[in-house]
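Student: Take the sequences, apply the hints, and build the full model.
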Amino acid sequence: GAVVSQHPSWVICKSGTSVKIECRSLDFQATTMFWYRQFPKQSLMLMATSNEGSKATYEQGVEKDKFLINHASLTLSTLTVTSAHPEDSSFYICSARDHNKGSEQYFGPGTRLTVT
Amino acid sequence: QKEVEQDPGPLSVPEGAIVSLNCTYSNSAFQYFMWYRQYSRKGPELLMYTYSSGNKEDGRFTAQVDKSSKYISLFIRDSQPSDSATYLCAMSAGTSYDKVIFGPGTSLSVIP
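For the protein sequence lines, the chains are A and B, in the order given. The opening residue of the first sequence carries number 1 in the numbering used here; numbering runs sequentially from there. The opening residue of the second sequence carries number 1 in the numbering used here; numbering runs sequentially from there.
It should be emphasised that the hints constitute simulated quantities derived from the structure, not laboratory data. Hints may contain errors.
[As the list claims (entries may be wrong)] Listed below are the simulated DSS-like cross-link pairs for lysine-lysine, each with C-alpha atoms no more than 30 Å apart in a straight line:
#1 LYS55/A with LYS99/B
#2 LYS55/A with LYS70/B
#3 LYS99/B with LYS70/B
A quick note: this is a predicted structure, and the numbers were derived from the prediction, not measured.
Tutor: Here it is, written out as structure tokens:
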């Protein structure tokens, strides 16, 4: 149980285009989903927290107009990187939590984004 | 002072050794403590989840929490090359929508 999937697993896009990453909880209802980015050999950096049906809460320094997050259902959240630039190239990981089950977060496999 | 501190390593041990990984924290409100394992280019995988102080064992893994010292540990017995990964500690105050704070991770290599 507690499986989280992400799609795509990797994507290459050109500078200036937008990319959408999907995060799905497959066997539980994710009342809260989190989006992280991770640079090589560094830890997870929380970008934003989203609760189903409400606007995402962004961490300080994360541009909400650049990283659009939608959490329209209890099993799906999307992150859209708008007008991507090479410095947005990173490993993006989502996680999901069912608040009825405490603080455990279950992570997706990650999406590697490369902007050329 | 960071909320959660963890020695980044790298830590290199021979196969079969007992590994000790540790984190310290500053927020006394933390009650839920987790250990994640992350292989290169993969998402973190939840290994252990404990509440408050005490020990929890699962196979070769033992998690210890000492809230009085604000110190948590993960022990790996009979370490295997497949245990080579980055280990992240994480903790939360535990209310439904509390943020989980992650340590920076310790890189572990188990040498055959």
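Student: A separate judgement is required for each hint: does it hold in the structure or not?
Tutor: Structure-based check of each hint:
Of the pairs offered as hints, the one joining LYS55/A and LYS99/B holds, with about 16 Å between alpha carbons and a cut-off of 30 Å not exceeded. Simply put, LYS55/A and LYS70/B have alpha-carbon atoms about 34 Å apart, too far for the 30 Å limit, and the pair is violated. As the CA atoms of LYS99/B and LYS70/B are separated by approximately 18 Å, the hinted pair is consistent with the 30 Å bound.
Checked against the numbered hints above, the structure breaks only hint 2 and satisfies the rest.
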